[in-house]
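Place chain B on chain A using the hints.
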Amino acid sequence: MKTLYDQAAHELSIKRRAFLTNSAYGLGGIAFASLLNKANASDGVLKKLHFPVKAKRVIHLCMAGGASHLETFDWKPELKRLDGQPFPESFTKGQQLAQLQNTVLKARGAFCDFHPHGQTGNVISDLFPHMASVADELCIIRSMQTEQINHDTAHAFMNTGSIIKGRPSMGSWLLYGLGCATDELPGFVVMTSAGKTGQQPVSARQWSSGFLPSKFQGIQFQSKGDAVHYLGNPDGVCQSTQRQIVEEVKRLNGIFAEDHVDPEIATRISQYEMAFKMQSSVPELTDMSKESPETLAMYGVKQPGDGSFASNCLLTRRMIEKGVRMVQLYHRAWDHHGGLVEGMKSAALDVDQACAALIKDLKQRGLLEDTLILWGGEFGRTPMGQGTGRDHHILGFSVALAGGGIKPGSYGSTDDLGYRAVENPVSVHDLHATMLALMGIEHTRLTVKFQGLDARLTSVAGNIIKKIMA
Amino acid sequence: MSLRLSPLPWIPLVLASAVFAEGKVRFNRDIRPILSDTCYHCHGPDKNARKGELRLDLREEALKPAESGDIPIVPGKPEKSSIIDRIFTKDEDDLMPPEKAHKSLTEAQKALFRQWVAEGAAYEAHWAYTPLEKPPVPEVTGAEFAIRNAIDAFIAAKLVEKGVRSPSPEADRAMLVRRVSLDITGLPPTPADVAAFVADPSDAAYEKLVDRLLKSPHFGERWAAWWLDVARFADTVGFHGDQNQRVFPFRDYVINAFNSNKRFDQFTLEQLAGDLLPKPTTEQLVASGFNRLNMMTREGGAQPKEYIAKYQGDRVRTIGNAWLGSGMTCCECHDHKYDPLTQRDFYSLSAYFADIKQWGVYADYSYTPNPDLKGWSNEHPFPPEIEVDSPYLKKRQTRFEGELAKHLTATTKRLDGDAKQNAAFAQWIKQVQAFAKANPSGWLTPKPTVVLMKPAAPAPKADGRAPRPAKSAQPAEKAASDASIDEQSVIRLARLPGKGESFRITLPMGAGRVSSIRLEALPGPKGESDLGNGAQRQGIRLSASVKPVKGAERKLAMHFADADHKSVRYNNGDELPGVTNGWKLDPLAKGTQTSVWVLDPNQPVAAGETLIITLDTDLLVPLRLSVSPLADGDPMQVASAAMLKAVKAGDRAALSEGFLLATGWNADALAKFKQLHNEILLCHNGKAWTQVTAAIKEPLTIHILPRGNWQDESGPVAVPTTLGIIPKLGTAKKNQDRTDLARWLCSKENPLTPRAVMNRLWKQFFGNALSLVVDDLGAQGEPPSHPELLDYIAAEFRDSGWDMQHMMKLFVMSATYRQSSSLRPELREMDPNNRLLSSQNPRRLDAEFVRDNALSVAGLLNLDDIGGPSVKPYQPGGYYANLQFPNRDYAADTDERQWRRGVYMHWQRTFLHPMLANFDAPMRDECTANRSLSNTPQQALTLLNDPTFVEAARVFALRLLNEKGDDATRLTRAYEYALARTPKDKEKASLLALLKTQRTEFAKTEDDAVKLLKVGLTPVCGDCTKPAEVAAWTTVCRVLLNLQETITRY
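Protein chains in written order, with my numbering: chain A, 1 to 470; chain B, 1 to 1050.
In isolation and in its complexed conformation, chain A is listed as follows (with noise of 0.2 Å):
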C-alpha cells in the first residue's frame, strides 16, 4: 500500500505555497502585529453582558478560619439569656458537628455588645466600631449557609461554588468571562495575612483556575521576597540587560516563525512583553512610600508592606486604582474553638479599621460605586460553647457586602439562637448568582464544558437576591 513519496518535489511545491504564509496565520507585518495585540488583550468570553453593570471589581476580605457570626453581626439576645444552659435539642438533632460530636451541648451568648448604627440601623457589634462607622454602606446577610463544615472543603466551596477539586475559583470565573482592565499586574490577586490566634491552613487551591488555562489564575503576593515569584532579575542583572534579553528572545522568536508557522509564537512574545512590564509594574505598585501619613493613619498601617491585613487593604486600593479585577485578601484569624473572647478583639483589631478605611477610601476617590465588597469567613460558629470558643457552623451565618450595586440595610435572619436561617435563607449559589448579576453576568451564561458538563460557578443552583440590589 505504499505511495511513491518524493520528498524533493513535495519541498519545492511547499516553497511555493510558503508565501501564502503571511496572510493566512499572520505573519507578515500588519497581521503580526494584530495578532500580538490580541494575545495581549484582555477580553474575556463574554463579549456582551447580560444585565446592566453595577460593579467592575470585586474584593473578597476573607475572614479565613470561620469569624463568629454571634459576635460580629448577629445580635441574639436569647442567646446570652441561655448562656451556660444546655443548648435545646430540638435545634441541633441530626445535624452536623464538627469538633462538638459526642460532647453535650451548651449555649453560649455573645461576650459583647452590639448597637445599630446610622441610617440603617444596620446591628453590629461593638467590637467593630470602625464597620460601625460605615454601617449605611454596608449591605448584611444574616442568612448564610454552606454546605461544607470543615475549613478546606469550605473554603474551595466559598470559592468555587463545588466540593470537587479542579473547578475554578470566582476570580477566575470573572477574568474568564469579563477579561481585564490592566495589561501590566494580573488580574486576580490573592494575598495573606495572620492574627496572633484561630489561624487555620490556606490553600493555593483557592485561588486556583482549576480545568481553565493558568493564565485565569490567582496570583499570589509576597510580603516577603519578590512581590511576585521570579518578578525580580537575578542576580547581578540590571534592567537594561534583562530589557535586552527579551528584546532579543522576542528578535528570535520572530525570526524562527519566518519559516515555521506556529501562531503561539506571537503569543510567546507578547507574554514576554507583559511580564517585562510587570517587572516594573508590579515594584511601583508595591511601592507605598508616596501614600500620605493620613492614609496610613487611616488603615491603620504601621509599616506600608509588612503583610498585615492594613497593609494589604492599602495595597488592594492601589490595585482597584490599576483595574485589577479581583483581590482575595485572607485574614488568617478567625477559628476560635477556643479563647474566642480574646481571639475575636484581637482579630477584630487586626481587620475592623482597614476594612473600614477601604471602603471609605474607596469611596472618596469614586471607586466604591462600581467595586463590590465581600466581608465574610468561610462559614459561622455553633451558638453552642466548646470550651471557651465555639466550633464551625453551616447553617446560618453572616457576610455584609458592599459598593456596586447593593442596597445597604439587612437581608435575612437566623432564629432566635442564631443556629440555623430562617428568613430567607442565602446559599453559597445565591450569593455567586448575585455577584455575579451585579458584574452584569447571568450566572447560568456563564459556562465552560468540562468532563461532557457546562460546569459553572453556581453548579446547578443559584438565585439572584434582588432585594440585595439596589
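Going by beta-carbon spacing under 8 Å, a handful of chain B positions derived as facing chain A:
no.: 1; residue: H102
no.: 2; residue: F239
no.: 3; residue: C330
no.: 4; residue: N882
no.: 5; residue: L944
no.: 6; residue: N945
Please keep in mind that the hints were generated in silico from the structure rather than gathered at the bench. Where a beta carbon is used, it is the ideal one built from N, C-alpha and C, also for glycine.
Here is chain B on its own, set in the frame of chain A:
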C-alpha cells in the same frame, strides 16, 4: 428509505469541531452532539429530570405518540414530527429548547435536524460504547502521501476526502531527532546523537533511533509523569494541613513498569488489586498504593463518614477518567443526564473499593475517636504502609559509607602527621584505658540527686491579660519528695513533670571527659516496661550541662542519640533517626531499654565540677544514668565489647573516630564526619515506607446516597458491579472484588479502556487527541476526528497484548508523525486546528520537561539514578507560610539531588512548586487526564528569573567556554545543544552583537558579573578569572533557554 433530500445549500460549515455536514446526515457525527447538548438535559436518560415524558435518547421512545397525540419524530416526515415543529416555531411558549435553557439552536443545526428526520431519523449507538473491532485500512490512491503504516492511510484518506492531495514534507532530520527524543524520553538529543542521525540517511536509522530511545532508562521517567497525573500521585495528602505522605516507591513502580513495558492490563490489575493477587509480590503491593492516592484529611472536627464518601467518590471518578474516559462525577448525585450511566453505576463501582483499609480522619480526636491511631499527631504518616527496599537509597547509603570509611582513614593518617595532636591522641587513649580499668563496663554510674524545677512565677500583665509562663525555671521548694533514688542509683520519679517543669539531676564526678551519657529505662515491678498513664507524645528528652564550682553553667551540645528499643518519632511523615529529640520507649519490648546520648566534643570536666542532666518526660519509668569518656558515631557502639577491646589494645585506627568525637581535634574533619554520618542515617538502611492497599475482612456497606448526601443512608445497598453499558466479564466471581474490576477494565469486551487510553496517548505524540475531550468520550464529548483510526489503534493496543511501547512505536514510525510541524496556512479555513493532521502539531513541553530540557542543555541534569524519594529544587522563600499542622519550611536540596528530573520534584498539593504550577502542571488533587496548556507572563518570568534556569544558563555558558573555537563556533555549538541545529546567519549575527554588548557592559560592572555567576549551588568554576566573559555568555544562554523553540517540541 423513502424520501431523500439533497443537503440544503445554505448550510454553512459552522458545526463545532471537526464535523463536516456534507452528504447524508449521520447521527453520531451530526445529531447526537446537538441532542446531547440541548435536549438530553430534560429529555435524556435521567428519569428524575425528564420533562413531558419525552425521551429522545432512545429511538423507540422518540417515535411513540405523546399523550397529546403528537408524535415527536416521524421518520421521513419532518412536517409531521412535533420536535421539528417545536424547534422551528416562532411561538415562544412552544419553542424548543425553551429560552430559559439558554441553549438556542442555530439555523444550520435546525436544518440539519430536519434533514436527519427526512432521511429517516436513523439512530446509531454512541460511538464510544459500540463493540471495538479493528476497521479495515483504507486504500489511498492518486495522492502524494507516503503511507508508512496504517495510521498514514487513515490520515491520508481523510485529507484526500477533503481535497488535500499532498502531505507536509518530512521534518528535517535534526528536528526529527529532537522531536522523537523529547517525545519518548523527555530529554533532548545530544549534539552527538544529532550528528549520528543526520549522518545516516538510511531508512533504518530512524527505526534504530526509536528502538534505542524506547530502551532508554529515562523512557520510564518521561512516561511516569504522564501516568502520575491520572494516578493523582503527590507527596502530600491535599486536605487541610496537607501533610506529607510516604508513597514515592509507587512512582518507582510506575517508572519501572514503563521501562519494562509491563502489559497495560497487568499494570491495571496491579494498581487496582495488587494486594488481592495470590501471594502478591512486594512490587504488586507497592502498585496497590494507587488506591491510596486520594486526598486525605487529619483535620480536627472532620466527620469520618463524610470524608470516606469523598475518598470513595474520588476512586470512582479516577476509574472513570483514567480508564473509561467517562465523567462519573454527575452520577454521585443522580443518573447521568447525557450518557447511559446511572447513580447505581457510581455506587456499584464505589463498592469495589469498600474493602480498603482507611480512616475518614487520620487521627484520634476525642470527638472522632480512632483507638487504633492513638497518639497519632500531625507528624505521623498515613497508614497502612509497608517497608520496602529502595535501590536508590541503598546505593546512596553505600556511597556515603564508602566516603565515611575513606574519611576516617584519612583522618587517622592526618593524626599521624600532626605531632601535637598525635600526642593528645596518645594521652586520650591513656585516659580511656585508665577509665576502662576502673569501670570495666565502660560506664560509670554516679549516685544522683534529683530536684524538680518549676517555672518561675509569671508576673501578671498590666492590661489584665493572662500572663505568659516565664522561660526560666527554678528549683521547687520541696525537692526530696519528687523522686526516690535506690542503692543501684535507680531514680524513681514520683510524678510526671507539669507544664514548664523538668527534673534536674546532678551527677557528682571526678575530673575527666564526658563524651556519652547512657540512660536506662528499667522494667517496672511486673517485669515489663511500664509506660505510665499518659500517651507517649515526645517520650524522654534529655539535655546536659556542666556546673562549675563558680560561675555560669556550660551547656553541652548533643551530637546524636540512639536506643536499643524505641518507638519511631516523625517529622511531617519523615522517620526521625535516633532519639536525639526525644526517646519514646517501645511498649512491646521486655526488660531494660537503653539509650545512649553522644555529646558534641567538649572540655574535660575539672575536679569539683558536676554534670547536670535536665530531663523532661511524659513517662514514669525507673531510670538510671551513667557516663563514659568513650564516643562513637553509632551511640549503641559506645563501650561495646569491640570498643573495649580496642581500648585495651590501644588500637589507634579503631579509636580515632572516638577521639575525633570526644575532642573535636580537627573542626573540618568533625564537620565532614557529622555530615556523612547524617546522610547515612537519612538513607534508613536503604529502606522506605510506602502506602499500600490493605483489604479489610468486612468491607463497608455502600449505600446509594440520595443526592449524594453522605448523611442519608436510606438508599439501597450497592454491591460491586461493572457498568451496565459494557458487557460484563464472563469469568467474574459472584462476589466480585477489585481484581474483577481490573480484569473487566482491560477485557476484550470493554471498548472504552483502549479507546480512552489510546486517545490520550495519541495526544502526546500529535498535539491533539483524536477526540478532543480526553476525559469524556460520552455524548457531551466530541466525536473523534478519525473514528476508524481511533478504533484501529484501540484494537491494535488491545490485540497486541496491551503493549504500550508497540503503540508508541507505531505512532512515531508513521509518516504522519514525521511531517514538518509548520502549520499549513492554505488549509487554515478548512481545518483551523489542524485536526486532520496535514502537518505535525508543535507541542510546548510539559512542565517537568521544560526543566529537564534546560538542565540537560546546560549539562547540569543529574541522570545518574532512576527512582528514589522526591527532591526539592530551589523555591521562593516563604511559599509555605500559609501551611500549618505542622508548620513547615522548604529546604531546597544542596547536593546532586538539586538537579534531578522534574518527575521527582516534591509535589505539594496545596502549594505546588511555582515553576510546575506556572507551566500548567496539575495539583493532582484529582485524577487529571488533560493538562491544559497556557502561555502566560508567569512562564516568561520563570524562565527569565527562576534560579534553576539562571543557574542552567551560567553552567551552559561554562560548557561553551570549555569548547575550543571562536565566538561563532561556540554559538553554533550552543545551538546544537539547545536546539539540535545550527543557527541561521541572521540568528548568529544577532546573538554575536548581543554578546559584544554584554561583554562591554559586564566588563564595566564586574561585581555584577560575579553576582550573576553565584546564582545556584553549582560551584563557580571554569573561567573564573574572566567573570565578565562568563556573564556575557550567560546572557546569551539565558536568551537561548527562553526561546519558544527551546521549550517546544517542533
